[in-house]
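There are 4 protein chains.
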Amino acid sequence: MNDVNAKLETRNSKPREARNSKLRVAIFGGSGYGGAELLRILLQHPDAEIALVTANEHAGKGVGEVHKNLYGLTDLTFSNAPEELDTLKDLDCVFLALPHGQAMEIAPQLPSHLKVIDLSGDFRLRNKDVFVEHYGREHTAMHTQSEFIYGLTETNREAIKHARFIANPGCFATATLLGLAPLAANDLITGRVVVDAKTGSSGSGAKPAANTHHPQRSNSFYAYKPFTHQHVPEIEQELRNIGAWVSELVFMTHSLPVSRGIFASIYVETKKEIADGDISPLFADFYSDSFFVRLVKGSPDINWVKTTNFCDVGFAVRGRQLVVFSALDNLVKGAAGQAVQNMNLMFGLCEKTGLMLLGTNP
Amino acid sequence: MNDVNAKLETRNSKPREARNSKLRVAIFGGSGYGGAELLRILLQHPDAEIALVTANEHAGKGVGEVHKNLYGLTDLTFSNAPEELDTLKDLDCVFLALPHGQAMEIAPQLPSHLKVIDLSGDFRLRNKDVFVEHYGREHTAMHTQSEFIYGLTETNREAIKHARFIANPGCFATATLLGLAPLAANDLITGRVVVDAKTGSSGSGAKPAANTHHPQRSNSFYAYKPFTHQHVPEIEQELRNIGAWVSELVFMTHSLPVSRGIFASIYVETKKEIADGDISPLFADFYSDSFFVRLVKGSPDINWVKTTNFCDVGFAVRGRQLVVFSALDNLVKGAAGQAVQNMNLMFGLCEKTGLMLLGTNP
Amino acid sequence: MNDVNAKLETRNSKPREARNSKLRVAIFGGSGYGGAELLRILLQHPDAEIALVTANEHAGKGVGEVHKNLYGLTDLTFSNAPEELDTLKDLDCVFLALPHGQAMEIAPQLPSHLKVIDLSGDFRLRNKDVFVEHYGREHTAMHTQSEFIYGLTETNREAIKHARFIANPGCFATATLLGLAPLAANDLITGRVVVDAKTGSSGSGAKPAANTHHPQRSNSFYAYKPFTHQHVPEIEQELRNIGAWVSELVFMTHSLPVSRGIFASIYVETKKEIADGDISPLFADFYSDSFFVRLVKGSPDINWVKTTNFCDVGFAVRGRQLVVFSALDNLVKGAAGQAVQNMNLMFGLCEKTGLMLLGTNP
Amino acid sequence: MNDVNAKLETRNSKPREARNSKLRVAIFGGSGYGGAELLRILLQHPDAEIALVTANEHAGKGVGEVHKNLYGLTDLTFSNAPEELDTLKDLDCVFLALPHGQAMEIAPQLPSHLKVIDLSGDFRLRNKDVFVEHYGREHTAMHTQSEFIYGLTETNREAIKHARFIANPGCFATATLLGLAPLAANDLITGRVVVDAKTGSSGSGAKPAANTHHPQRSNSFYAYKPFTHQHVPEIEQELRNIGAWVSELVFMTHSLPVSRGIFASIYVETKKEIADGDISPLFADFYSDSFFVRLVKGSPDINWVKTTNFCDVGFAVRGRQLVVFSALDNLVKGAAGQAVQNMNLMFGLCEKTGLMLLGTNP
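Protein chains in written order, with my numbering: chain A, 1 to 362; chain B, 1 to 362; chain C, 1 to 362; chain D, 1 to 362.
Hints are computed from structural coordinates only; laboratory data are not their basis.
Misleading hints may appear alongside valid ones.
Stated by the list, open to error - No farther apart than 20 Å at their CA atoms in a straight line, the calculated lysine to any residue pairs in the SDA-like style are these:
1) D:K225 with B:F291
2) D:K207 with C:A210
3) C:K225 with C:G136
4) A:K225 with C:A275
5) B:K297 with D:T228
6) A:K297 with C:N211
7) B:K128 with B:I106
8) A:K272 with C:K225
9) C:K297 with B:T77
10) C:K68 with B:F291
11) A:K271 with C:T190
12) C:K352 with B:Q44
13) A:K225 with C:G277
14) D:K225 with B:G277
What the hints assert, rightly or not - If you want a taste of the chain A side facing chain B, the calculated C-beta under 8 Å gives, among others:
15) S202
16) A210
17) T212
18) H214
19) R217
20) S259
Claimed, not checked - Just a sample of chain C residues kept apart from chain D, beta carbon distances all over 12 Å, derived:
21) K22
22) A81
23) H134
24) A141
25) K161
26) Y224
27) L249
28) D276
The C-beta atom is built at its ideal place from N, Cα and C for all residues, glycine as well.
This is chain A alone, in the form it adopts within the complex:
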């Protein structure tokens, strides 16, 4: 095997120890876009098989009838959510890809041998009041929340390996944190940080709505939820976890007229002037073990990461002004891809397994 292909060969490099069969996984909420991407990825995963996928409104329908990209590729059908959760005893892992508020009902009831990865915002926040403020509902399972590990793979890898419960990060949070983490860890930030974040329309989910109506959206660009996006508290919480975060975060979300992609422009003032040539090694060092963070020259582009699990990061510097650019696919590294990356770690697999989703040009 030559160098060229070695990068892509992950299947046999880290076999699951002492295991003869594949992981048996369930997806709760398989009809949305997060579910669609979990299906795409797990159907190709060499060490996992999908034992159950639920979608109440499509129960009985073939997966390929609903997600027509998968037509002809699977005999899986959608089930109703199981009434008796203890019927899940022959499963290894459950992905919860449900609307906000549903995971907190289900997670506490799941059999204790199951590992659980929640893609919603239900279990990301450690503070109950902050949750109420941002999600507009009471939290009914804070005791379970305390067992959750925040699943930003690149900053929490060791904890994830030993976790039973993972709160998978939000898409904006992933893009922002991967841009800021090396700076926070090295205590380089002073003053407020401005994050100008933009998302494609799939971030609004699979259900049609006024803001994703094609005639409107296709020639539009606008800001929404100024200062108050629900990903703000998880970003601040995790930054405090990574370093001595005391700065003010000014976070602004915008809507892009593309289907997929998050792009964050992150404006930082550094404590002292840092030469252009010193930033790059700092990022390279922080992400030396992180295959899915690619450091690029200049600006990344959502075009190069779409459908992949990569987060591309670039930067520019002038005196103490540093701007970091971060680009990822909101449904992959921002959701389903990172969820599978976490599953891999939780079950002793190589992080990359099943995630070699190559992007396309164009």
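Got chain A; can you put chains B, C and D on it based on the hints?
Below, chains B, C and D alone, put in the same frame as chain A:
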């Protein structure tokens, strides 16, 4: 005044005879895209003023709050549809831009001095059974239907001038008929005619739906309603009106991932071979008085007609095979623009009045 | 005439004084997108006529052959740039819509009775060294530059009225300055200002290039020219003109996958906390005479200003953190529209004349 | 292994017989979009390795610098085309992804042990005069052409298995032929066939041009090359190969404002009336061994096949009027994917190997 600007100077060229004041018009159903375009056009119309615009779900709101393109440009507010239609006595003209099925309730009740232009499909078809078949409901006002003139301006100009009721053509029908009319009028067609028609997403209206969900629509192209689109019978009816139409019409509609525009590729077999150089004069002659039909070399492009009242027509020929290409903006020449063009004729104005909506590059 | 239409009736409201005929204007460089928009606007302008439009590579061709949106609407043909500039003696006004570097060759030679509006960057900067740094060439006409007025209509209205030479602002500069001007004038800003600006692809001009190649651009978003965009110095220069600008400007340009539109998110720290309810009157007051700046609730959207001369401005505030959003059409308020707005003022016309370009929904 | 995953498990199902190492392949012309897709697919192919990839203008650069989707995924660098073609002796297979006209220079010189797959139009046509007419150049290697097999996998599978030279079909030809082949093979067609075909912008290649300039293309739809597209003769040639083709082909190409995708609407008159329920089995039977042709209900959509090797086919029928819809990704099943599918057959591999490229939703 020089030649250059003369083309654009219509305001004073044909003043309304014997009239001191502006036409007072009402728009029933002002919140949809057809209504939005009627508002845009009529707000700039030198000889008309909008006296009433209804939209039950927005009653009391400013027009510029709903159609934000018009923000700051008008003090008009949306009203509820009037319960007593005889309150409309100080109006001159009513545009009905309502969902299919509503105009047939309203039109028969309108005071007899009012002229009425209906943008829906309610009054286009003369045959009651054909209506039921294509619109899936009974027709409750066929007696009124018999007073309606089909408002394809370029083929029915004289009748429109004297009409009280206009059934404004469908967008696909307009594109198709303007491409076929010169051939039908000259009895040049033999065998079946294939029309491969494509529409932008605004053709589906202002209400979000699965087929106009941006993540889906923005990279898609597909066919829908094969053979059975409700514009088929009005096309056939009008072709029989124009010439001795006996051919079979194979009509197929497709969805384009753009906001605005209709493009029809019309495949015709001619009775005898016609030289390329003979087609052009035939169209030019037929449309010699029709400012809004522009004959172009080769193919038109929806990009050049968007937001305008033009229908651009081009063609190519090989032996007896003739293909005609027709491009227009579904909301202007395919709806609101043609409606105002008809209003102009009905009230003795120059056809072009208020319709000099120049397109843009790009 | 009722209130409703009064807003749109500008033609006769402020007739050119003591003048029987139309302004005779020339466009140098009529084949680009700036030229295309000048043509669209001036062809409809009630008090101007286009006497000359140049485009060396298209000399002899009809304007409607090159800008197919104008096909059938004008008999104008493109000319070569005149060799003898004194043949321009029967003109009133010249628009220079040429690539950077050409206006500085032409402007000094123009007959002194002519008023001149330059859409390029040649005459915007007062400092020769700053020009060299940002445009990469020597300036050969700084003596003429000193006669130029910076044509941001809303901040320089009085000077523009008496100017012979106008340096029309850049598109990014217009969006940024209209967002910042009320704050700078009221001396409210402290610390650095971050401007995250995004542009549609027409900002790159009419000539195909790698960054506007459709397969690439249509699903992309990326940053370019970090910190160094050539509009930065004109923004800083004008801010110093408006108020006591001493802040640092962090300016970042990004590429949007739409054809038209600029959106600027402007992050400001205010000297003291300002209540949400105090910002709005401050902007309203500053722009009380400025029809083309529309103050909107929340965020503007490029969708609502496309093809119009409006700049829509909104904002959000949290403590001392203020973000201003500004949206305009790069080719209209960001170029040709503002140029004509300036022409109107220079010749004693109402500022709005010929600029009632209504946008569309969708 | 359960049924679900079995569909996706091809790697080990048909191992290359009597072979210890991977196929060594070369790509001539790796910088275009066809080359980009060959790289994406072959880098993941379990039984092939890329030994050489040429691109004269990028020689020495990393593949991931040019195709940034592959950044970090390969150490391959672009080479100059080898001057001495006999240096290719340790290769097994060569893909020629060069501009039209270059393959005919190279193919005849390649060492005889090499298998060759040409993605250009150079070797598709058996008649020299027809080639000259459609490609506008003399053919200099007709002796080699006679050794070429037309690589439409689904109709020529057996011949491909034993071929040394493959002329890979054009993208429009693949979509059209896969729609028509079952009908032609069953001799069901009478009269002319109308094919209304539409392509995304990547079909024009990686080099910027006027027709792919984003500001223009993004809101456009137009026809081009009426009747005369160079894919017409290969379609007619292959239809004669499949059945008793005597009909007239009316073929029209159009440009879609999307990056990827071909959609063909194929209008056929059948010799006798065929019930809707009889068409489906006819297609199912014809494609019973063809995994990559998926029969769908109603219309396919380019959205569901983008980035995949699938061609989705649907149809509608009314009396003797039959319309077949065919959708594929022009760069995959229409180019690189089909090329690898052919390589697999030529080397005794399972046809699906390395081609399980799952599409995405959205």
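Which numbered conditions among the earlier hints are violated in the structure presented, ordered from lowest to highest?
Per hint list: 1, 8 violated.
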